[in-house]
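Asks: These are the residues of each chain, in order.
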Amino acid sequence: KNQVEQSPQSLIILEGKNCTLQCNYTVSPFSNLRWYKQDTGRGPVSLTIMTFSENTKSNGRYTATLDADTKQSSLHITASQLSDSASYICVVTPRGGGSNYKLTFGKGTLLTVNP
Amino acid sequence: GAVVSQHPSWVICKSGTSVKIECRSLDFQATTMFWYRQFPKQSLMLMATSNEGSKATYEQGVEKDKFLINHASLTLSTLTVTSAHPEDSSFYICSAQGQPSGETQYFGPGTRLLVL
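Chains A and B, in that order, give the protein sequences. The working numbering numbers the first residue of the first sequence as 1 and each following residue consecutively. The working numbering numbers the first residue of the second sequence as 116 and each following residue consecutively.
No lab work stands behind these hints: they were computed from the structure. Some clues are possibly wrong.
[To be verified] Derived lysine-lysine pairs resembling DSSO-like cross-links, with alpha carbons at most 30 Å apart:
1. A:Lys107 / A:Lys17
2. B:Lys135 / A:Lys1
3. A:Lys102 / B:Lys135
4. A:Lys102 / B:Lys179
5. B:Lys156 / A:Lys57
None of the values given here were measured: they were computed from a predicted structure.
Using the sequences and the accompanying hints, generate a full structural model.
Replies: In structure tokens:
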């Protein structure tokens, strides 16, 4: 069964600090892995996308890493801001045929950045 | 990037009434749209997949007569919650996939439904 596990479940940090969120998955083979940011009451917004052959991808203060051998990914946030408070979701797209790509979602890590 | 909108953003209704939620792709043609439901502190759960001009494919456990999906055009899909009950209260999110975005799904902002 395809699964995506994220840790920690929740995290509280002070503004300006760095943090790293973890994602372990069992989806295989997979097409790509994405990290999304979901603000409370809003839809997910894509932060990074990595394919099987990529091991790091940056988007501003967000840096995602991928180890396809161990099936692990991380999202590192540097110099956190209050606006970074949100749920961060790891999503894996399985590789398969057809045009309907069923995504496998993690439950997310709820990040709270305090002043 | 591609933009997906949903309307309404929130709705409160009485038990037994039907509610329609619209999902629109604003700047691309969405050949496939997905409807998700998200309960508090839970991940998104896929309800159904709809291809333009075809009947929707529902996930196991999702009642197709309860959640009517129409995808009549390349830019619009609707989800109608029929005879809504309090247990249908949830956050409903659509996503759209098509050209030129390929397999990328772009998510809408979600619709909060509260059934009293």
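Asks: Would you mind confirming whether the straight-line C-alpha gap from B:Lys156 to A:Lys57 stays at or under 30 Å?
Replies: This hinted pair holds, its Cα atoms lying about 27 Å apart.
Asks: CA of A:Lys102 to CA of B:Lys135, is that 30 Å or under?
Replies: Within the cut-off at roughly 24 Å; holds.
Asks: Under the criterion that the straight-line Cα-Cα distance not exceed 30 Å, is the pair B:Lys135, A:Lys1 satisfied?
Replies: Violated, at about 33 Å.
Asks: Measure nothing beyond the straight line between the CA atoms of A:Lys107 and A:Lys17; if it is 30 Å or shorter, mark the hint as holding.
Replies: holds (23 Å)
Asks: Is the Cα-Cα distance between A:Lys102 and B:Lys179 30 Å or less?
Replies: Between A:Lys102 and B:Lys179 the Cα gap is close to 18 Å, so the pair holds against 30 Å.
Hint 2 from the list above is the single one not met by this structure.
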